[in-house]
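Chemist: All residue numbers for the sequence shown refer to my numbering, where the first residue is 145 and numbers rise by one.
Wrong hints could be hidden among the right ones.
Unchecked claim - Distance windows between CB atoms, simulated:
hint, residue 1, residue 2, range
1, M145, A413, 38 to 44 Å
2, P386, T329, 33 to 39 Å
3, A293, P400, 21 to 27 Å
4, A291, L351, 18 to 24 Å
5, F328, E186, 27 to 33 Å
6, D266, Y321, 28 to 34 Å
7, S250, E336, 30 to 36 Å
Hints listed in this document are in silico derivations from the structure and should not be mistaken for laboratory results. Virtual Cβ for every residue (Gly too), placed ideally from N, Cα, C.
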Amino acid sequence: MTTPCTVGRASIGPNEPLTIIAGPCVLESLDMGLEIGRAMLEACTNAGATYVFKASFDKANRSSISSYRGPGLDQGLAWLAEIRETLGVPATTDIHEPAHAEPVASALDLIQIPAFLSRQTDLLLAAGEAAAKHGRGVNVKKGQFMAPAEMAGPIKKLGEAGCDNLMLTERGTFFGYHRLVNDFTGLGDLLELGPPVCFDVTHSTQLPGSGTQTGGRPERAPLLGRAAAAAGVHALFIETHPDPANAKSDGATVLPIDVATGIVRDATAIRSALGA
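Please put together the full structure from these sequences, using the hints given.
Modeler: See below:
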């Protein structure tokens, strides 16, 4: 049985509207964050979906040390808090070290654990403790190197930290080199673990390590979004940008806003047709 995850005023889980977690990969400016957030909120409102704004204040896992990382913790949280307040929506961001957990939980609604860090005990415990203290949620992205059943480990660690308000995100599994594969049999297994499940539409199209920057197949994102909605996930994760060719992070996979809003429209229609 799936236990809903509460994110601000939203509830993610069975018998709830499809949730869309979306925004730019990394915060480039406050104005751009608001531009993207307004477009996605309008699309979600029109489609009957719940919207959660997402952006990173620091990309600590870039392929090159010269890549843009973001505005940093203090400026990033200030921008995220303003976007959250202006749009009236929940907001989330990812953390990369335990010291980030408390300030993020005090300002935002959902703490995101990156896929590469999904087994890091200290990070999970800090996130779980901060989330429980402030009444927030935790979203753990499944590591590309992990089988769905192995996500029972992060669930247990968060529970031991006092946090049972959580969700899991599928974002593809390594298949050889420079390719992620979405295993929908495994997605079904993930759905049986208990927490609500989100499907990461854009990162699932990555071609990791295929050059000095991560490559991708963004044209496959709408297909994956439709398939995940049909599979019964509770949320979709989408990164979008008004000018993907000039995005400062994940330009190979981040979607134009019109494509992202099209996925919202199609996915909610599929979910409605299924009676979910």
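Chemist: To test your reading of the hints: which numbers does this structure violate?
Modeler: Of the numbered hints, 1 and 3 do not hold.
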